[in-house]
Each structure stands twice: as structure tokens, then as C-alpha cells.
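Asker: First to last, the protein sequences are chains E and U.
Under this note's numbering, the first residue of the first sequence is numbered 3, with each subsequent residue one higher.
Under this note's numbering, the first residue of the second sequence is numbered 435, with each subsequent residue one higher.
No wet-lab data here; the hints were simulated from the structure.
The beta-carbon is built from N, C-alpha and C at its ideal position, and this holds for glycine as well.
Do not rely on the hints blindly, as some may be mistaken.
What follows is a set of in silico ranges between Cβ atoms, one per label pair, in the way DEER data are often shown [claimed, not checked]:
(1) 95(E) with 478(U): 47 to 57 Å
(2) 41(E) with 473(U): 31 to 41 Å
(3) 443(U) with 10(E): 33 to 43 Å
(4) 461(U) with 44(E): 14 to 24 Å
(5) 450(U) with 113(E): 27 to 37 Å
(6) 530(U) with 41(E): 19 to 29 Å
No more than 35 Å apart at the CA atoms, straight line, and that leaves these computed lysine-lysine pairs for DSBU-like [to be verified]:
(7) 475(U) with 512(U)
(8) 449(U) with 485(U)
(9) 475(U) with 112(E)
(10) 478(U) with 449(U)
(11) 56(E) with 478(U)
(12) 512(U) with 54(E)
(13) 71(E) with 475(U)
(14) 5(E) with 512(U)
(15) 108(E) with 71(E)
(16) 108(E) with 5(E)
(17) 488(U) with 475(U)
(18) 512(U) with 108(E)
(19) 475(U) with 108(E)
(20) 475(U) with 449(U)
(21) 56(E) with 71(E)
(22) 54(E) with 485(U)
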Amino acid sequence: LAKTTQPISMDSYEGQEVNITCSHNNIATNDYITWYQQFPSQGPRFIIQGYKTKVTNEVASLFIPADRKSSTLSLPRVSLSDTAVYYCLVGERDSNYQLIWGAGTKLIIKP
Amino acid sequence: EAGVTQFPSHSVIEKGQTVTLRCDPISGHDNLYWYRRVMGKEIKFLLHFVKESKQDESGMPNNRFLAERTGGTYSTLKVQPAELEDSGVYFCASSLFESGTEAFFGQGTRLTVV
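With the hints as extra help, turn the sequences into a complete structure.
Answerer: What follows is the structure in C-alpha cells.
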């Protein structure tokens with residue numbers, strides 16, 4: 003299973019767009035990229051999943067370049083409530099539950 | 435709609451004792467997963483149920499851990515006897531898809547073994 007590398011922490015301000023980049027140089031052909039969000043004392047929450055190019059939902063956008071060796075989670079107009087840990091995971095969609103969880107990126111939003 | 439619920443939210447037990455964690459998945463989700471984060475480390479997969487059957491238990495650390503899902507509804511994870519290194523947060527998740535895509539997680543049970 004591919005390993006991912008993310009920033010340990012980031013901070014930004016309310017109303018800004020935040021981009022969190024994840025590196026996955028060893029991504030395999032069948033691997034998908036999945037992002038989760040976790041608030042303190044809660045379980046992770048699925049945000050978005052993609053394979054290539056761009057995926058957008060009501061929460062975020064996921065940008066994946068052609069070589070798929072990295073991906074960027076984009077959170078538009080963040081608020082204080084977006085302060086959380088964000089995890090980037092890579093693995094086969096058929097066995098998504100076995101994804102390797104890294105340390106994630108701790109995002110702190112300031113007023 | 436109720437999400438995944440776990441009980442208890444916290445448990446403090448002495449080394450050698452037994453603890454049973456419970457998970458109620460989202461109604462209709464046949465797939466149920468257990469994960470844990472031991473102190474200072476990453477979240478790791480423990481096992482996967484499809485209904486009442488263990489589909490994959492490759493992540494179970496040793497035979498002190500026993501997971502059951504009788505009737506294919508709620509699941510229990512028993513640790514017997516508990517050791518100090520079992521301390522951590524145990525998460526349960528459920529999903530419609532067997533792959534685990536878009537899994538919904540519970541709030542976790544924080545287990546402390548002293």
C-alpha cells in the first residue's frame with residue numbers, strides 16, 4: 003500500500019482558501035486517493051475521494067495531476083469550525099478499509 | 435439518521451482485566467470495521483465484518499482480542515486480559531460498500547489500561 007506524506011501542520015484565517023498537498027510517489031495504477039477529516043474526540047469523517055483530474059463536492063475539491071504522485075485538498079472559504087486533522091490515504095478502492103493512516107495535517111483556522 | 439455509536443466513550447481498567455467495547459453501526463450497513471490508535475501512533479485497521487462474518491481480521495494484534503457481530507447488527511470487541519500497550523482509542527466504522535469507501539466512523543472509545 004502506498005505511503006503518503008503531508009505537512010504536519012498548517013494555519014490559515016477565516017474566509018481564506020486552504021490547500022493541503024499530499025505526496026504519494028508510489029501510488030499504484032489501481033489506487034484511489036481518499037481524504038478524511040477528524041475533529042478532537044471524534045472519529046474521522048470522509049470528505050472526498052478521487053482517481054484523477056478534479057473532483058468536487060459540497061465540502062471540498064480534490065485536484066490530482068496527471069502523474070498522480072500528489073494530490074491537493076482544497077477547502078474554500080474556511081471557518082473556525084474547519085480546524086481539524088486532515089488525512090490523505092491512498093489505496094485500492096476494493097480494499098479501502100485497509101488504507102494506511104499517516105499522522106495527518108493539523109489545520110488551525112484563526113479568526 | 436443515527437450515526438455510528440460506540441460505548442463506552444471512556445474506559446479505565448487495570449492490567450489483566452477484561453473490557454468489552456460495543457459498536458452500533460448505521461442501520462443497513464452490512465460492513466463494519468474496527469480500528470485503533472495506540473498512543474502516539476497512527477490509526478490502524480483491526481478487522482472487517484460483512485454482516486456477521488469476519489471478512490478480514492488481518493489487523494488483529496493477538497489472540498487477546500476477540501470481535502463478534504452476532505446477528506449482523508452491533509459488534510463487540512473484547513480484550514482479555516488487557517495489557518498496558520492496549521491503551522488507545524478504538525474506532526468503529528460502518529459502510530454500505532464492502533470496500534470501505536465512505537466509511538462512517540463512531541466517536542471512538544478511549545481505553546486506558548493502568
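Asker: State for each hint whether it applies.
Answerer: Going down the list of hints, with the structure as the test:
For the pair residue 95(E) and residue 478(U), the supplied restraint of 47 to 57 Å is violated, since their beta-carbon distance comes to about 20 Å. Here the CB-CB span from residue 41(E) to residue 473(U) is close to 19 Å, at odds with the stated 31 to 41 Å. Residue 443(U) and residue 10(E) have their C-beta atoms about 27 Å apart, which leaves the hinted 33 to 43 Å range violated. Residue 461(U) and residue 44(E) have their C-beta atoms about 20 Å apart, which keeps the hinted 14 to 24 Å range intact.
Evaluation of the 27 to 37 Å hint for residue 450(U) and residue 113(E) yields a failure: the beta carbon distance comes to about 48 Å. Between residue 530(U) and residue 41(E) the Cβ separation comes to about 23 Å, which falls inside the hinted range of 19 to 29 Å. Between the alpha carbons of residue 475(U) and residue 512(U) the distance comes to roughly 21 Å, so the proposed pair stays at or under 35 Å and holds. Under the criterion of a C-alpha separation no larger than 35 Å, the hint pairing residue 449(U) with residue 485(U) is consistent with the structure, at around 32 Å.
The straight-line distance between the Cα atoms of residue 475(U) and residue 112(E) is roughly 27 Å, inside the 35 Å bound, and the hint therefore holds. For the hint linking residue 478(U) to residue 449(U), the alpha-carbon distance of about 22 Å falls within 35 Å, and the restraint holds. Of the supplied pair hints, the one linking residue 56(E) and residue 478(U) holds, its CA atoms being roughly 28 Å apart against a limit of 35 Å. For the hint pairing residue 512(U) with residue 54(E), the CA-to-CA distance comes to about 41 Å; that exceeds 35 Å, so the pair is violated.
With a C-alpha separation of about 25 Å, the suggested pair residue 71(E) and residue 475(U) falls inside the 35 Å cut-off, and the hint holds. Note on residue 5(E) and residue 512(U): the hinted pairing holds, with a Cα-Cα distance of about 30 Å set against a maximum of 35 Å. Restraint check for residue 108(E) and residue 71(E): the C-alpha separation of about 22 Å stays at or below 35 Å, so the hint holds. Taking the CA atoms of residue 108(E) and residue 5(E), the gap is about 18 Å. The hint holds against a cut of 35 Å.
Among the hinted pairs, residue 488(U) with residue 475(U) is consistent with the structure: their alpha-carbon atoms are about 25 Å apart, no more than 35 Å. Among the hinted pairs, residue 512(U) with residue 108(E) is consistent with the structure: their alpha-carbon atoms are about 32 Å apart, no more than 35 Å. Between the alpha carbons of residue 475(U) and residue 108(E) the distance comes to roughly 15 Å, so the proposed pair stays at or under 35 Å and holds. Taking the CA atoms of residue 475(U) and residue 449(U), the gap is near 21 Å; set against the 35 Å cutoff, the hint holds.
With a CA separation close to 14 Å, the supplied pair residue 56(E) and residue 71(E) stays within the 35 Å bound. Distance hint between residue 54(E) and residue 485(U) is fulfilled; the C-alpha atoms sit about 32 Å from each other, no more than 35 Å.
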